[in-house]
Amino acid sequence: MRTALFLLLLLAVAAVPGSLFSQRSSDPNGVTQYFQQNPDLAPILDKFQLFDVYTSVWFSAIYLLLFISLIGCVIPRTIHHARALRSRPPKTPAHLDRLGSFAAFEVAPGQTDAAGRPITAATAVDSARGLLRRSGYRTQLFDSASRSGSALSVSAERGYLRETGNLVFHTALIGILVAVGIGSGFGYTGQKVLVSGQVFANVRLAFDSFTPGRFFTDSALDPYRIKLDSFTAKYETENLNAFGQPIDYTAKVTTYQGTDAKGTKETIKVNDPLAIGGNQVYLLGNGYAPKITVRDPAGKVVFSGATPFLPQDANLTSLGVLKIPDGLKKQLGIRGLFYPTAAQNEAGITSSTNPDLLKPELALVLYTGNLGIDKGEPKSVYSLDTTKLTEIAGPDVDTKSIHLNPGQSVQIPGGLGSITFDDVSPKGATNELQSVPRFASLDIHRDPTQGWVLFFAIAVLLGLLTGLFVPRRRVWVKAVEHEDGSIRLEYAGLARGEDPGLDAAVADIAARHSQQLGLRLTS
Amino acid sequence: MTTALLASYSLVLVYSAMGVYLFAFIAFTLDLARRSSESPAAAAVTAPAARVVGQLQSATSTTLLERVATPPAVPTRKSSGFERVAFALTVLAWLLHVGGTVLRGIAAHRVPWANMFEFSLTASAIIVGVFILVQFWQNLKFLGAYITGFALIVLGFGTVGFYVNVVPLPPALQSYWLIIHVFVATLGTAFFAIGAGLSIAQLIQSRRESNKIGGLKFLATFPDAVKLENLAYRVIVVGFVFWTFTLMAGAIWAEHAWGRYWGWDTKEVWTFIIWTIFAGYIHARATRGWRGSRSSWLAIIGFAAVMFNFTIVNLFFKGLHAYSGL
Numbered sequence: 001m002r003t004a005l006f007l008l009l010l011l012a013v014a015a016v017p018g019s020l021f022s023q024r025s026s027d028p029n030g031v032t033q034y035f036q037q038n039p040d041l042a043p044i045l046d047k048f049q050l051f052d053v054y055t056s057v058w059f060s061a062i063y064l065l066l067f068i069s070l071i072g073c074v075i076p077r078t079i080h081h082a083r084a085l086r087s088r089p090p091k092t093p094a095h096l097d098r099l100g101s102f103a104a105f106e107v108a109p110g111q112t113d114a115a116g117r118p119i120t121a122a123t124a125v126d127s128a129r130g131l132l133r134r135s136g137y138r139t140q141l142f143d144s145a146s147r148s149g150s151a152l153s154v155s156a157e158r159g160y161l162r163e164t165g166n167l168v169f170h171t172a173l174i175g176i177l178v179a180v181g182i183g184s185g186f187g188y189t190g191q192k193v194l195v196s197g198q199v200f201a202n203v204r205l206a207f208d209s210f211t212p213g214r215f216f217t218d219s220a221l222d223p224y225r226i227k228l229d230s231f232t233a234k235y236e237t238e239n240l241n242a243f244g245q246p247i248d249y250t251a252k253v254t255t256y257q258g259t260d261a262k263g264t265k266e267t268i269k270v271n272d273p274l275a276i277g278g279n280q281v282y283l284l285g286n287g288y289a290p291k292i293t294v295r296d297p298a299g300k301v302v303f304s305g306a307t308p309f310l311p312q313d314a315n316l317t318s319l320g321v322l323k324i325p326d327g328l329k330k331q332l333g334i335r336g337l338f339y340p341t342a343a344q345n346e347a348g349i350t351s352s353t354n355p356d357l358l359k360p361e362l363a364l365v366l367y368t369g370n371l372g373i374d375k376g377e378p379k380s381v382y383s384l385d386t387t388k389l390t391e392i393a394g395p396d397v398d399t400k401s402i403h404l405n406p407g408q409s410v411q412i413p414g415g416l417g418s419i420t421f422d423d424v425s426p427k428g429a430t431n432e433l434q435s436v437p438r439f440a441s442l443d444i445h446r447d448p449t450q451g452w453v454l455f456f457a458i459a460v461l462l463g464l465l466t467g468l469f470v471p472r473r474r475v476w477v478k479a480v481e482h483e484d485g486s487i488r489l490e491y492a493g494l495a496r497g498e499d500p501g502l503d504a505a506v507a508d509i510a511a512r513h514s515q516q517l518g519l520r521l522t523s
Numbered sequence: 001m002t003t004a005l006l007a008s009y010s011l012v013l014v015y016s017a018m019g020v021y022l023f024a025f026i027a028f029t030l031d032l033a034r035r036s037s038e039s040p041a042a043a044a045v046t047a048p049a050a051r052v053v054g055q056l057q058s059a060t061s062t063t064l065l066e067r068v069a070t071p072p073a074v075p076t077r078k079s080s081g082f083e084r085v086a087f088a089l090t091v092l093a094w095l096l097h098v099g100g101t102v103l104r105g106i107a108a109h110r111v112p113w114a115n116m117f118e119f120s121l122t123a124s125a126i127i128v129g130v131f132i133l134v135q136f137w138q139n140l141k142f143l144g145a146y147i148t149g150f151a152l153i154v155l156g157f158g159t160v161g162f163y164v165n166v167v168p169l170p171p172a173l174q175s176y177w178l179i180i181h182v183f184v185a186t187l188g189t190a191f192f193a194i195g196a197g198l199s200i201a202q203l204i205q206s207r208r209e210s211n212k213i214g215g216l217k218f219l220a221t222f223p224d225a226v227k228l229e230n231l232a233y234r235v236i237v238v239g240f241v242f243w244t245f246t247l248m249a250g251a252i253w254a255e256h257a258w259g260r261y262w263g264w265d266t267k268e269v270w271t272f273i274i275w276t277i278f279a280g281y282i283h284a285r286a287t288r289g290w291r292g293s294r295s296s297w298l299a300i301i302g303f304a305a306v307m308f309n310f311t312i313v314n315l316f317f318k319g320l321h322a323y324s325g326l
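Protein sequences appear in the order of chains A and B.
Counting from 1, position 23 in the first sequence corresponds to residue 23 in the numbering used here; the numbering is continuous, with no gaps.
Counting from 1, position 6 in the second sequence corresponds to residue 6 in the numbering used here; the numbering is continuous, with no gaps.
I should point out that these hints are in silico values taken from the structure, not numbers from a laboratory.
As the structure is a prediction and not an experimental result, all values here were calculated from the model.
Where hints are given, some of them may not hold.
The list that follows gives simulated cross-link-like pairs (lysine to aspartate or glutamate, EDC-like), each with its CA atoms no further than 20 Å apart [claimed, not checked]: (1) K379/A - D208/A; (2) K227/B - D326/A; (3) K379/A - E346/A; (4) K78/B - E38/B; (5) K234/A - D208/A; (6) K323/A - D272/A; (7) K318/B - D313/A; (8) K234/A - D313/A; (9) K227/B - D499/A; (10) K329/A - E391/A; (11) K318/B - E346/A; (12) K323/A - D208/A; (13) K227/B - E498/A; (14) K400/A - E346/A; (15) K227/A - D443/A.
The whole structure should be built from the sequences, with the hints applied where relevant.
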């Protein structure tokens, strides 16, 4: 017990640093930021695995030791309990009055019970046995002669469920650990950004990012497709205290499984994931994907598409990058900021003041030169390496950044061609609320043992309830027959573990027993 | 009625409740002072070795029912006038408090626990409510000053520091788990709060009993240290069951909303730490040398961690549970 207590408290202390430092598992950007801000300290902290506390050697060591000590405790206790379950209640102690809970009374000679039969030690103990049995006790009769006369007694025990619950609780904790371990080995998580109208096919290459477990194989991916039909975001427009706060995100999708060509219409919401092909598909992010078309000087389209811009703040000021390596005289790089509701402050800096499309505006900085993607090196689609690029429109050159509203076009400086910010509003639209396509960011998870974790968690709770609140107690009722024919009835109880209700239970049994014998309590 | 009007009525009720709590707190404190002047000898009852507790009457004759061992007699003390007034004021304040909380919920068209201000309101109401209900089981009114003082501090911080206007729920909170998870967490917190109060009393009482500190005569009217420890344990195990359920319900909700049931988010970490501390507390009771004051310290540290989780983690730690509304 001392070991368990020590390891539990150590585990509690060891978990603290994980909340003080950003963790790679939950907040990788925070870790990167910390490295930038504390370049000297961060590597030292990293050496002590303070950015990976919950997978660190020292944290793992503590909980593994805890679980080893747990197993070392549970196994012998299970064996002992299995024996106790099959054994009979122990012999009645000679001196019941030495026990903490004790009551006794004398029955005068020649008394009869309610049915008119004479009360003897045998009938009294027999009726006590019946009473205890009905109350859920396991009973055993004993006959012991003593100086004061012959004594018959019933020894009873109840509450085996307490130890069962205790063992279930601890075993289920081990079960959770094992299930979590197996689940993380065979499961995976992946992310996919889908612009309205796009389709995701469940193959590894289609994911934007993919984190497989150690034992994952591609065959674990079930073939299915998800088409994002539409994504709608609703923002508060009436309550001025929360103006522009998101109140609903809904992704309407069509799913295709196997040879089903027609598809099934489904809805994914934030608290309502989609279950498909052994996966759970969650709606965890969203944003805008402005549709931009680039034409060469002859008017031929060299690029046209909706590019997801990553949200930078709650009002969805979004940052995006476009790379056009082919089709124009020079390679063209575009870094854009998109404002769903553009507003300029007094210093002339544009920002978004509402996440909805009230006054959409796109600000572009253009570069020409070498995009650095010719050699086929993998580059993030969300960043632009400007080391070999020349700015041709933007804050650092004479031609200022290009500002476009939906539907507007502008010529690229240097006669390279033109850029259009396409308006995708349906025909006859009277406002700009649908002028820019939206994207939804889907998290696709597979956790094969999630159900087991839930099963063990429920077992933990049930085990806890029975292990803490079912009283385990022994109760004895003894009838000593004196020579004069009077009978002394003794009641005693012994708690095994926490049992605040023992005194009351013994008193209750004494009262019910005397009632059963036809004796009536007058005060 | 408009949302803003209802919310302002709610605030009026909460301020009134605070006023009444203040008077209840003063009366409870005066009651503690009164206890000091009571003679402890009157309270001490020695149990006879055996005494007749009743008579059994049957059809033919009468027998004596005797009880040899009686449970240790608890000093039964007549409650002072201050205590009765204080408790009545607490109930009145609590009714106003609950009224304010319910009005806030009506104003917001949802459960009143979706930001720090509303957490403070609801959590303190549940803590006082559990304190009132517990009196039907055990007379713990000697904790009145502690509980009303605590409720006053929480409401003070809530109204002054955390007040926000009614705003709709962000999509991540739109789930029935908000009702279950947060409510059970606050219920667990209430039991831990009372357990911590009893543990503080146990610490002082055991010091007094071992003559380490003089004075504090009012403690003679409290249950003895062993009884206080047992009461604390029984209250805390209930809190522990609620906390375990909170952890599980939170994990299920996290799976729905964030796509994983456990991700070591700061709030998850602290909920886990608290669970581990109280698991340690329960083990301490079965560990030689850890009963008594050491257990009490664990209960107090555990409750301090709950408060830390509620305040510091909510306000200053980065994480997904960013619902303080501030």
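Each hint, compared with the structure:
Proposed proximity of K379/A and D208/A is supported: the alpha carbons are some 12 Å apart, at most 20 Å. Of the pairs offered as hints, the one joining K227/B and D326/A is violated, with about 83 Å between alpha carbons and a cut-off of 20 Å exceeded. About 37 Å separates the Cα atoms of K379/A and E346/A, which puts this hinted pair outside 20 Å; it is violated. Annotation: proposed proximity of K78/B to E38/B holds, straight-line Cα distance about 11 Å (limit 20 Å).
Straight-line distance between C-alpha atoms of K234/A and D208/A comes to about 26 Å, which puts the hinted pair past the 20 Å bound. Among the hinted pairs, K323/A with D272/A is inconsistent with the structure: their alpha-carbon atoms are about 36 Å apart, more than 20 Å. For the suggested pair K318/B and D313/A, the alpha carbons sit about 16 Å apart, so the restraint of at most 20 Å is met. The straight-line distance between the Cα atoms of K234/A and D313/A is roughly 17 Å, inside the 20 Å bound, and the hint therefore holds.
For the given pair, K227/B sits about 13 Å from D499/A by alpha-carbon distance, which is consistent with the 20 Å threshold. For the suggested pair K329/A and E391/A, the alpha carbons sit about 16 Å apart, so the restraint of at most 20 Å is met. Our distance criterion of 20 Å between C-alpha atoms is broken by K318/B and E346/A, whose separation comes to about 32 Å. Between K323/A and D208/A the CA atoms are separated by roughly 17 Å; this keeps the pair inside 20 Å, and the hint holds.
Taking the CA atoms of K227/B and E498/A, the gap is about 13 Å. The hint holds against a cut of 20 Å. Between K400/A and E346/A the alpha-carbon distance is near 19 Å, which keeps this suggested pair within the 20 Å criterion. A distance of roughly 14 Å separates the Cα atoms of K227/A and D443/A; the hinted pair therefore holds under the 20 Å criterion.
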